[in-house]
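Chains as they are written, first to last, in full-length UniProt numbering: chain D, 1 to 201; chain W, 1 to 257.
Keep in mind that the hints were calculated from the coordinates and are not lab data.
Keep in mind that this is a model prediction, so the values were computed, not measured.
The beta-carbon is built from N, C-alpha and C at its ideal position, and this holds for glycine as well.
There may be inaccurate statements among the hints.
[Said to hold, decoys possible] Short derived list, chain W residues pointing at chain D, Cβ under 10 Å:
1) M1
2) S43
3) D134
4) V144
5) R146
6) T147
7) W174
8) R175
9) A177
10) Q195
11) S212
12) W241
[As the list claims (entries may be wrong)] Where chain D lies over chain W, by a calculated footprint (3+ residues, C-beta under 8 Å):
13) 2-15
14) 74-88
15) 107-119
16) 152-161
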Amino acid sequence: MTKIDTGRPESVLPTPSHTVGPFYGHALPFRGGEDIAPLGHPDTVTVHGYVLDGEGGPLPDALIELWGPDPDGNVPTADGSMRRDPASGGFLGRNGVEFTGWGRIQTDANGHWYARTLRPGARGRSAPYLSVCVFARGLLVHLYTRIYLPDDAEALAADPLLSRLEDGRRDTLVAVAEDSGTYRFDIRLQGEGETVFLEFQ
Amino acid sequence: MTLTQHDIDREIAAERAAYEKRLADGGPVEHQPRRDYAPYRSSVLRHPKQPPVAIDVSQDPELVELSSPAFGERDITETDNDLTRQHDGEPIGERITVSGRLLDRDGRPVRGQLVEIWQANSAGRYAHQREQHDAPLDPNFTGVGRTLTDGEGRYHFTTVQPGPYPWRQHVNAWRPAHIHFSLFGTAFTQRLVTQMYFPSDPLFPHDPIIQSVTDDAARQRLVATYDHSLSVPEFSMGYHWDIVLDGPHATWIEEGR
Ligand SMILES: [Fe+3]
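Excised from the complex, chain D in its bound form (with noise of 0.2 Å):
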């Protein structure tokens, strides 16, 4: 079963989903995971929040992926977001020049999170947006959001996704404009104010 016979598409069947669980710690997050953006770059924002389950309660063991195009709408195409060091196998983290356009960040003991990163610029007809993907203890499928900027609102009124919304559910998915240039962004996981998660298809 778990040899795939490519030459019979009907046996070309999707790998199911599992929790990331309670014990990535380890193995996923890396250092400078959340620092996203080029050094000193001056289209730098930050974005921030919190993961919070059905009771409001915080996950301090969720981990958010970002991915998100470059300040023109280009998707970034550079690898380097890990960088090791040969020598001592140890990470070396980016290294502050090249825009990978992809963080990873865990939730600290008060289910807080924080990336800094390249303010995305827009694609097709789309406001623009980072891509977000949630994992979880609990968790069984991890989920996608997204988070759109505030600043321009003839653009998050004609976008595709967020026209279709009402009011309510729209505003989950708008981070709310803090000081200059750092964004406050909440997901909900269940309950009032549930985050809108989206399903590619």
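Got chain D sorted already, so can you dock chain W with the ligand onto it with the hints?
Using the frame of chain D, we list chain W with the ligand on its own:
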């Protein structure tokens, strides 16, 4: 009230019966677990109650989710795919080799992508601070590996057979031996985190995590096959495990590669 294995077994049986009824009523084969699967208690407060909002990717080829982060040789070191060589000494346990192909739903190889694994040591203990199982740590085993798939989508790891471990969800709860896998495709929509199991584990019927995949054939796809041709003489036992990524992807990106 103390939660027993018997309670969980009954709930697992009820979930299976519910799935069989959905199938009998003409419902689709469910390749993925439901996020709302109560026999796995941690899911109860952590699954959305609203249905996900569907995005038809064919409407917009520009979606950033149709592309994927890139990884390269500088994200990997030479011993990353050999978990038995990451310390000064040899880890304790039965050495195994695990290999297979990373494919998309069309059966095409996913090349040059990152595969990450993590696992317990041969005694069933993770090298993780919060792990409370009092089985011994192995100073020569961290249980973390990484590799990039080759031109045929193949990956290869050398490690030790992980042990089963208790996890306290209910009295006498044990996880069948498994290796955690994290995978990227050619699109972010294909992202997958899952677990690979070993053939004929007697713990399968009692484990609500593997049983969360209620479809028998789908659950079998999580179990590696013993492959004598992957066993290395005088060194290790071989297991074969192919992985198929779900989720739509931009087919035109691959053309001409
Ligand atoms: Fe585990």
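Of all the hints numbered above, which does this structure not satisfy? Sort the numbers upward. 1, 3, 6, 7, 9, 13, 16
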